[in-house]
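Participant: What follows is each chain in one-letter form.
There are 2 protein chains.
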Amino acid sequence: MKALIISADGFEDSELLVPYYRLKEAGVTVDVASLKKGAISGKHGYAIEANHTLQEIKPGEYDLLVLPGGKAPEAVRAAKAALDIVKAFFLDNKPVAAICHGPQILVSAGVMRGRRATCYKTVAGELRQAGAAYEEREVVVDGNLITSRQPSDLPAFMREIMKKILRKP
Amino acid sequence: MKALIISADGFEDSELLVPYYRLKEAGVTVDVASLKKGAISGKHGYAIEANHTLQEIKPGEYDLLVLPGGKAPEAVRAAKAALDIVKAFFLDNKPVAAICHGPQILVSAGVMRGRRATCYKTVAGELRQAGAAYEEREVVVDGNLITSRQPSDLPAFMREIMKKILRKP
Numbered sequence: 045m046k047a048l049i050i051s052a053d054g055f056e057d058s059e060l061l062v063p064y065y066r067l068k069e070a071g072v073t074v075d076v077a078s079l080k081k082g083a084i085s086g087k088h089g090y091a092i093e094a095n096h097t098l099q100e101i102k103p104g105e106y107d108l109l110v111l112p113g114g115k116a117p118e119a120v121r122a123a124k125a126a127l128d129i130v131k132a133f134f135l136d137n138k139p140v141a142a143i144c145h146g147p148q149i150l151v152s153a154g155v156m157r158g159r160r161a162t163c164y165k166t167v168a169g170e171l172r173q174a175g176a177a178y179e180e181r182e183v184v185v186d187g188n189l190i191t192s193r194q195p196s197d198l199p200a201f202m203r204e205i206m207k208k209i210l211r212k213p
Numbered sequence: 045m046k047a048l049i050i051s052a053d054g055f056e057d058s059e060l061l062v063p064y065y066r067l068k069e070a071g072v073t074v075d076v077a078s079l080k081k082g083a084i085s086g087k088h089g090y091a092i093e094a095n096h097t098l099q100e101i102k103p104g105e106y107d108l109l110v111l112p113g114g115k116a117p118e119a120v121r122a123a124k125a126a127l128d129i130v131k132a133f134f135l136d137n138k139p140v141a142a143i144c145h146g147p148q149i150l151v152s153a154g155v156m157r158g159r160r161a162t163c164y165k166t167v168a169g170e171l172r173q174a175g176a177a178y179e180e181r182e183v184v185v186d187g188n189l190i191t192s193r194q195p196s197d198l199p200a201f202m203r204e205i206m207k208k209i210l211r212k213p
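First to last, the protein sequences are chains A and B. Per the working numbering, the first sequence starts with residue 45, numbered consecutively. Per the working numbering, the second sequence starts with residue 45, numbered consecutively.
None of the hints are false.
For chains that are exact copies, the list does not tell them apart, and a pair is met inside one copy or across any two.
Calculated pairs, DSSO-like style, for lysine-lysine (alpha carbon to alpha carbon, straight line, at most 30 Å):
1. K115 - K68
2. K138 - K207
3. K208 - K46
4. K80 - K46
Just so you know, the hints here were simulated from the structure itself, not pulled from any lab data.
I would like the entire structure built from these sequences, with the hints used as guidance.
Facilitator: Structure (structure tokens):
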């Protein structure tokens, strides 16, 4: 099994590191893609290696997409290659998990219409404007889409992610 | 099921947060005990609430003890109440998991003689002096004792912790 995390400088450290380590615990191969290859830095100073550029990613090779929050989604949502990856996951109905500001990338990819979802409270407005039904809950699962609000939701977020990918054939 | 994390200011953030969220994901109740009640701060600036003082802890109520690293173990190992908790876990043969500088607390509690274990590389000397057989591996399991070296070992560390506590009746 293979997971892809897309992020950039300014990521919310725990929202990237907790899924990263949790997926590896389960034996999942985890790739990190960003605008360019090399170390990206979190708000709290953790560094993690982006081992791929967005351009290099073949979405068909992955079973899960994770979009952490922080300031990173602001940069990621401006990259067409990231939005193309998101759309490919949705077209294949494959699991996409976004937390905090991560759903901003989904808004820019235009995949939120008619979806139930949550996000960081300041992002709720643009989620609604994009046609989603915003819910104030620790985790919302709607088909392939798993969303959470903030770091304290990570236990529920990871529980639903692991359920979703371990159910896969 | 109930887990206890003992730490203090200066903890290595990911070594506390990853176990904290992972255990909660599995439905485990997690208490955090420190020298005094209230927020403790990690090296990277994360704050977590210590909801108990060390003195308040009844070790018999817990199924797992976790000792994160960073600078915190230096303060924790000087607290007799912490060492008494560690000894109680070992006497009951209950799971104790320590990472990075966390094993320093085990050294001070005098429970390392004849044990196979690992730790952060700069701590290896005092582990050996305490009578332990130091191993340079991502995780070492010896009976009730689970030890790891550093944050990048967290997947293996958590995998062994979860195996150990989920095997419990």
